[in-house]
Amino acid sequence: MTHSKGSAIWTTWGIVAAVVAVTAFGWERTVSAQDSEGIQGDADRGKTLFTDYTCFGCHGYTGETGRGPRLNPPRFNQERFIAYLRNPPNPRRMPPYQQAEASDQRLADIYAFLQSLESGSPAAKDIPLLNAILQENSR
Amino acid sequence: MKNTTTDTDQQPTSVNRRVFMRGAATAAAGAAVGGHAATATGAPASPVAAPSALPPTETQLAAETQAIPRTRAVDAYIVEHPGSDYMVDVLRSLDLEYCASNCGSSFEGLQESMINHGGNRMPEFLTCLHEESSVAMAHGYAKIEGKPMMALLHGTIGVQHASMAIYNAYCDRVPVFLVAGLDNNGPVAAHNATDMAAMVRDFVKWDHQPDSVSQFGHSAVRAYSIATTPPMAPVLLVVDAVTQKAPIEGSPTVPPLSKPHFPSADLGAVKEIARLLVDAENPRINAGVMARSQEGIDLLVELAELVQAPVNGGNARLNFPTRHPLAGMGTGRPDVILNLEPGGRGGPAGGGGEATTITISSAEFLITSNFNVNGSGAGTADLLVAADAQTTLPALIDEVRTLLNADRKRLYEERGDRIAETHLAQRREAIESARYGWDSSPVSLARIAAELWPLIKDEDWSFSSPQGFIGGWPGRLWDMHKSYHAIGSHGGGGMGYSLPASVGAALANKKHGRITININGDGDLNYAPGVLWTAVHHQIPLLTIVHNNRAYHQELMYLQQQANARNRGVTSAPIGTTITDPNIDYAQMAHAYGMHAEGPVETPADLGPALRRGIDRIKAGEPALIDVVSQPR
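Sequence lines, in order, name chains A and B. In terms of the working numbering, the first sequence opens at residue 1 and continues consecutively. In terms of the working numbering, the second sequence opens at residue 1001 and continues consecutively.
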């Protein structure tokens, strides 16, 4: 097999580009959502990001309260979760996270955090205060 | 009379000051001679104690018993019958119980008349630490008591301070009796204005600057009538210092208060609305700032039950009992929608789709050139009636009754059953939603509401704060059916309303023996927290639970959306929107104002006992505050 001078040059530039990319973005992956299946997420880092990205604002600190849908436990798998964050169907309600720093890795970290959450939500029938309210008569 | 100088352990029994002073002078003379007072026989008696003060001179004695001659300057200065005394007589005739105010030199004449000529009652002077608090207190008071409170403002700067609260009350259709002072000879030139009311004219219903005492009487009565006739709103009188302080002769008469009948829809409109409602297959009623009193709620229940229509009560007032089977949006698409006093900000308005929409609103009489107080949906309906909705309801109910027949009633029964099922399902759904985050820390808003309910449900209670930022949980879980169970929101969206309005509401509730609960956002509380002191000073029992999410949370979410819309700054939204670093200790803040307070409560297990202690305090007649670190929404 012979290699042309041109292909050698492109190979060299490719290596340089890869080094630059890794240097600029750290060791995080910046691949598209289609390649995001199976990213190892870090729940501790995800907890910090859940606050930093103001996710708690609409979903509560434990993903169970607030105006937005419950995220505890997550409704989607990781791939769909990341895709949803990138392109939510109603961006005026759920804003898209397209910033470069909101990488697939970081969104996977948030997903891992949501998976790690315990539910602070006993069944309503096991909460005497709520049971009592339900039993009170209508007017 | 006994010689008090020989019987040192006996006190003079007479209060005759002249004789007493003469005796003291005699004793002093005796002491000067030899330290002994002579008896009638001339023999020296026991030693006398030297008097602790010098005896009065003849001039002083004369001053004690005779009128003090005045210099000409003093005579001109003293005014024992000032115009402001008459002003207080007028204010009293208007049944104004309280005057909330932060003191100011431009109305010192009126204030002195209130506290001395009026004896500080009717109205009683309530000391406020900010004019915004004064007006917001009057706002909350009026929504409970059904009549205005007076708010007294310093000229220019006081009116400016108060302006946001005036705007809130205007948007909320609540009467406030505002009086502003004007002193063109006052110490600060910048506190004067040629047209004092100009800065707030666009959001007061009427203003006037009477130029004489007698004109004040007529203006005040007219202002009260205008404020308390729908559409109700604040009114403003500007009272200059000269009129306050100049002497008046005799006792001018106080003009009588004459109030108009409230505007009701005309008979033709009533007949048409009734026909549309009776013939509708799936009507719905939306209520905004409709019910001014319990009567309004009762009338709406009567109408809704007649035609078996669901009622969307909104959040601007308690218009309809929250646990009534017809409460809610009902099912399916409505074909006729009746809007009763849709509010510009909070009330449901319009209809949409293919429904025939009917709007009865007194807002059509309230025109402001500059501010969009009635919202974009104002003035749009298939049938728009300029009238007061509560006043119109009796005629509408009578007309509906005349149109009902057995067939329609049978149809309504089935419809009513469906609506009741939907209502019950919504109640169950609310309970199910409340369980989420039940044991979480920070504490969930549902948990706060659910823990409060058993503590108040057997009391005569009142909830005084808006529900928009707390998920509406009190309305979703509590049995609200009396007009004072919920008094709605700020009207104009001005933050800083909840705490002072709640203090005003609690003041009104106090004489009825009711307890008042306020769930107050931390951002809202920080605007003018000095009203906490006012509550303590005037012994106004109010329980404030701080919904402490450590942010202007609405803006935090908006800013995050904005950053994402611009695809940058994913972590920068907390800049300018969060209240952290340091965290504010609201219990310490309340302690500084002399109020019982606890917190921060950070876990749900600690919440119930803290709330119970707070309730015990307010039942004992004191205000209290509990700081709860809570979920954002």
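Heads up, some of the hints might be wrong.
[What the hints assert, rightly or not] SDA-like cross-link-like pairs, simulated, lysine to any residue; straight-line CA separation at most 25 Å:
| no. | chain 1 | residue 1 | chain 2 | residue 2 |
| --- | --- | --- | --- | --- |
| 1 | B | 1457 | A | 123 |
| 2 | A | 47 | B | 1453 |
| 3 | A | 47 | B | 1426 |
| 4 | A | 125 | B | 1395 |
| 5 | A | 125 | B | 1475 |
| 6 | A | 47 | B | 1571 |
| 7 | A | 125 | B | 1515 |
| 8 | A | 47 | B | 1515 |
| 9 | A | 47 | B | 1561 |
| 10 | B | 1619 | B | 1515 |
| 11 | A | 125 | B | 1455 |
| 12 | A | 125 | B | 1454 |
| 13 | B | 1482 | A | 131 |
| 14 | A | 125 | B | 1458 |
| 15 | A | 47 | B | 1425 |
| 16 | A | 125 | B | 1425 |
| 17 | B | 1457 | A | 134 |
| 18 | A | 125 | B | 1439 |
| 19 | A | 125 | B | 1453 |
Treat the hints as calculated values from the structure; they're not laboratory data.
Would you list, in rising numerical order, the hints stated earlier that this structure does not obey? Violated hints: 2, 3, 4, 7, 8 and 15; rest satisfied.
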